[in-house]
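The primary structure of each chain is shown beneath.
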Amino acid sequence: MTPPGAQTMPRIPSGRGQPFHSSLQVKLLALVVVAYAVYALGQLDFSYDRFIRGLDNGARFLSRMFPPSYKNWDQLLTGFIESMQIAVLATFFGVLLSLPVAILGARNLMPAWATWPARLIVTLCRAFNPVIVAIVFIKAVGFGALAGVLALVVASIGFVGKLFMEAVEEISMKQIEAVRATGAPFLSVVTYGVLPQVIGRLVGFCTYQLDANLRNSTMVGIVGAGGIGGALFAAFQRFEYDFVLAILITIIAVVLLGEFASNYVKRIFHV
Amino acid sequence: MAVVLSITGLTKAYKPGVPVLKGIDLDFEERGLTAIIGSSGTGKSTLIRIINRLVDPTGGSILFKGQELSRIEGRHLREARRRIGMVFQEYNLVERLSVMENLLTGRLGYISPMNAWLRKFPAEDIAHAMELLDVIGLADFAHQRADSLSGGQRQRVGIARALMQRPEILLADEPTSSLDPKTSVEIMELLKSQGINNGIPVVVNIHDVELAKRFADRIVGMTGGRVVFDGPPEQLTDDHLKLIYGGEGWLQ
Chain A
1 MTPPGAQTMP RIPSGRGQPF HSSLQVKLLA LVVVAYAVYA LGQLDFSYDR
51 FIRGLDNGAR FLSRMFPPSY KNWDQLLTGF IESMQIAVLA TFFGVLLSLP
101 VAILGARNLM PAWATWPARL IVTLCRAFNP VIVAIVFIKA VGFGALAGVL
151 ALVVASIGFV GKLFMEAVEE ISMKQIEAVR ATGAPFLSVV TYGVLPQVIG
201 RLVGFCTYQL DANLRNSTMV GIVGAGGIGG ALFAAFQRFE YDFVLAILIT
251 IIAVVLLGEF ASNYVKRIFH V
Chain B
1001 MAVVLSITGL TKAYKPGVPV LKGIDLDFEE RGLTAIIGSS GTGKSTLIRI
1051 INRLVDPTGG SILFKGQELS RIEGRHLREA RRRIGMVFQE YNLVERLSVM
1101 ENLLTGRLGY ISPMNAWLRK FPAEDIAHAM ELLDVIGLAD FAHQRADSLS
1151 GGQRQRVGIA RALMQRPEIL LADEPTSSLD PKTSVEIMEL LKSQGINNGI
1201 PVVVNIHDVE LAKRFADRIV GMTGGRVVFD GPPEQLTDDH LKLIYGGEGW
1251 LQ
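Going line by line, the protein sequences match chains A and B.
According to this note's numbering, the first sequence is numbered sequentially starting from 1.
According to this note's numbering, the second sequence is numbered sequentially starting from 1001.
Heads up, a few of these hints could be off.
To be verified - Pair by pair, the computed Cβ-Cβ distance ranges are:
#, chain 1, residue 1, chain 2, residue 2, range
1, A, Leu24, B, Arg1226, 54 to 60 Å
2, B, Gly1224, A, His21, 42 to 48 Å
3, B, Arg1119, A, Met65, 40 to 46 Å
4, B, Thr1011, A, His21, 44 to 50 Å
5, B, Glu1068, A, Lys139, 58 to 64 Å
6, A, Trp116, B, Tyr1014, 23 to 29 Å
Unchecked claim - Counterexamples of contact, computed for chain B against chain A with all Cβ distances above 12 Å:
#, residue
7, Leu1026
8, Glu1029
9, Ser1061
10, Gly1066
11, Ala1080
12, Ile1084
13, Ser1098
14, Met1114
15, Met1130
16, Asp1134
17, Asp1140
18, Gly1152
19, Leu1171
20, Asn1197
21, Asn1198
22, Asp1239
It should be emphasised that the hints constitute simulated quantities derived from the structure, not laboratory data.
Note that beta-carbon positions come from the ideal geometry of N, C-alpha and C, so glycine has one too.
Next up, chain A with everything else stripped away, as it sits in the complex (with noise of 0.2 Å):
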């Protein structure tokens, strides 16, 4: 036999030397994103005059928070416990909602009849930020924390629910397929063909979320929800702002703490 191929090398074409594209639309989108940029600064009355003026005023409110006064700690330590307590219990429950939401929301997993309500779910819960949610629970169900918590709750559910709905959409079929094949019933699938390859990623994420519920849960009490943010408020109100420096050093001080505690959690789960 003869190989073929031997006499046609094939010919790059000369004469054509641009080895990078460049994009005519990329650049006309940042001229447009500069131009908007320009032009709302001057819609908002944001001038040079206003933002010296700004940093005078600023720095009288600093000179005003020294030093911190913690003489109000016990206000000061009934609150970060009630947003402890907010944040912990959010993320337990959310946690433990956004599990079925996102197993039924898998497209690889489910048909488009629970795919679409469970996704739907989720969107709902992200589509507002914590205070806004917040603010409808009080309505609800009254001022205080049980309002902060189920804000926050569904906050976790929005979060975690698609984190966990898109690792669950990222497994390897193959091993679904072979547990499948041994006559297993569907829930057994789960614990054992699915839960085993995103456990990582779900105590990943459940560490995350008790730090943003952390931080959070400081926010949704400035609406009335329970927690620090309700002292917090209050002392803006009252013009004690060496009483707001100590809050918010504290607030710095735990969300570190949660830092800390998380990545501890992830080292005993080898994530």
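Add chain B to chain A, keeping to what the hints say.
Then chain B, alone, in the frame of chain A:
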């Protein structure tokens, strides 16, 4: 010998009008290893996956010990699958579970999801798993994670998982394609001996004609979605192979 599995007029078209299987008629008796050979894309995998309904047939009948499998759904399908063991080309072990857990996966059809979740398996299942670990020579690996094993070890776990079902037939979809020649022989030996010891028929899709001839009691050659050879390995000639794979340059 009695016929265990009887396939008649089986067709499959993934896209309407483009059949992959064009009318397969095959009977499998209660003993013996059958090797199905044929080039890639000729429908070997589809055929073997239709038997336990990982793929749904378009037409025809699959009679397994008197039960028609081609149209069953839900609980009936799950109960039928429990009786059919399957071994996969890429082993398809649950990577993050231990070897023992992978073996016990073979019993999931028999216990409730609650007990499965709590890892509550009957003592005889665990004893059976231990026995099988001895058989496949991985007794010390029970608590290792599946993803820490080598290819050959994984495939042996895959076979043990199928045997955990105490199946009435063992299917293997190209079980040696991802393995080296020596390990391939070991895997074929294991499939053959387990078929004999358990008194069940074994059906193996295989690319390696020499391996098929060496271990099979019967060879089925497929091309273009049809069976073109069906007989003992001694009767398989080069003319048959040309018919099955097309061309002849590769035979020299």
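TODO: Could you tell me which of the hints above the structure violates, numbers in ascending order?
DONE: Hints 3, 11, 12, 13, 14, 19 are the ones this structure does not satisfy, whereas the remaining hints hold.
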